[in-house]
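Asker: Numbering (the UniProt record's numbering), first residue to last: 1 to 382.
In short, the hints are calculated from the structure, not lab data. Hints are not guaranteed to be accurate.
Claimed, not checked - Calculated lysine-lysine pairs in the BS3-like style (CA-CA distance at most 27 Å, straight line): (1) K33 x K297; (2) K33 x K379; (3) K208 x K379; (4) K138 x K208; (5) K208 x K71.
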Amino acid sequence: MQPYLFPIEIALLVFPFLAFFLTLPFVIYQYHKFGGLHFLRNVVLYTFIFYLLCTLLLVLLPLPDPDDVAKMTGSPLQLVPFKFIQDFLTHTTLVWNDPSTYLAALTQAVVLQPVFNILLIIPLGVYLRYYFRFSFWKTTLFSFLLSLFFEITQLTGIYGIYPHAYRLFDVDDLMLNTLGGMVGFAIAPMFTSLLPSRTKMDEATYIKGQQVSYLRRFFAFLVDWTILRFLTWLLGMLHILPFTTLEIDGGSRFTQLWWLLLLIFLYFILLPAFAHGQTLGKMLVRIRIISTTPSDKATLWQLLIRNGLLYYVTLAIIIFPFNPFFVNQLPPVLFLTVLGVGIMSAFMFFIHFCINFFSKDRQLFYEKLSHTMHISTFKRKV
C-alpha cells in the first residue's frame, strides 16, 4: 500500500499551498457568476481539486532517478487492447477450484493494477455528473481525455524533464480509466442523494448574491491592492518610479508616501466618482458604492470623506506606528505614545466592526459619516 499512500501524503502537504493561491481567483469567479459564496459548493470544488491533485501524483510518483531512466531500454508503448486479461491468465496464482488461492491472487499486480485504474477515475465520474451536470457521453469523453493526458505525460517523460518515458503508455489504462469514469457516472446518485442538488445550491447562492457581506468587500479590497501593487511594480521596473513596492521604507524617509496618497485619491476616490461607485475589485465581485441620499449616485465629495477617513486617517493611524521610521527616528516616549494610539485605534476599529457584524446595521463609521453604502450589482440571468 505504500506506493499508493506516498502520493496522497504529498498531496496533503501540497494542497494547502495550492488552495491558498487558487482561493482569490476562485472566489472572484463565484462572486462574478453567482453573486455569492455557498459553503457546500466550496467544499465540493476544493475536494474536487484535491482529488485531481491526488490522481496526478498517484500517476507520476514516485519519480525515478534521471540516470536510471536514461539506462532504460524497450518500447514505451503498449498498444494491444485487453492485454491485461492475457497477463492475468498467464501470471495469476488463481486456481478456480481452489478457494485457498483466491486471496493471494487478489494481491497480485495483475489484479491490483487494472482495478486501481478503474477506481482512480470513478470519483471523476461522480463529480462530473453531480456538480458539473455532464451527460453520460460527455463524462465518458472527459474521463478518456484525463486518462490520455496522464498517459501522454508519462510517455513524454513529463514533457521533457526525463530523457524518455519512465512509465509505459498503455492502451489498457485508457480503456480502464474511461470505464472508471462511466462507473462513477452510474453510481453517482448513491453518493449524492443526501446532498442538495446543484440547482438548489445555485438558488441559495443567487439569494446571497443580493447581499453585500464584509467578506465580499474584503475580497474586492484584496483585488484592488493586488492590482495597485502590480502597477507599482511595473512602473518601478520601467524606471518611471524610483521604487517597485508600495511599502513605506523607513530608510527612504517616506519617499513612497506621496505615491500612496496619490494612488488612494486616484483609484479609490476619483475612479469610483466616474465609474458608478466601482473600482476594478468591486466590479469583479459585483458591488458598488452608492449614496444613501435620494440622489443615489455617490459624489466625489462623499467618496473623499469615505475613503479619506478609511485610508488617510484610520489605516494611517493603525499602520504607520509599525513603520521602521518611527522606531529609528522618534524618541522612545513619543514612539510609545504613537504606538499606543495605533494599537488603541486598531482595537476600537475591531470592536466597531464586531458590533456592526452582529447587528442589522452593517454600515461602518466612515460610511455613515459620508452617507454612502455598498449594494450588489449582481443580476441573475433568466
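Asker: With reference to the structure, classify each hint as holding or not holding.
Answerer: Here is what the structure says about each hint:
1. Distance hint between K33 and K297 is fulfilled; the C-alpha atoms sit about 25 Å from each other, no more than 27 Å.
2. With a C-alpha separation of about 10 Å, the suggested pair K33 and K379 falls inside the 27 Å cut-off, and the hint holds.
3. For the given pair, K208 sits about 12 Å from K379 by alpha-carbon distance, which is consistent with the 27 Å threshold.
4. Among the hinted pairs, K138 with K208 is inconsistent with the structure: their alpha-carbon atoms are about 31 Å apart, more than 27 Å.
5. Restraint check for K208 and K71: not satisfied, since their Cα atoms lie roughly 59 Å apart, outside the 27 Å limit.
Going through the hint list in order, the structure does not satisfy hints 4, 5.
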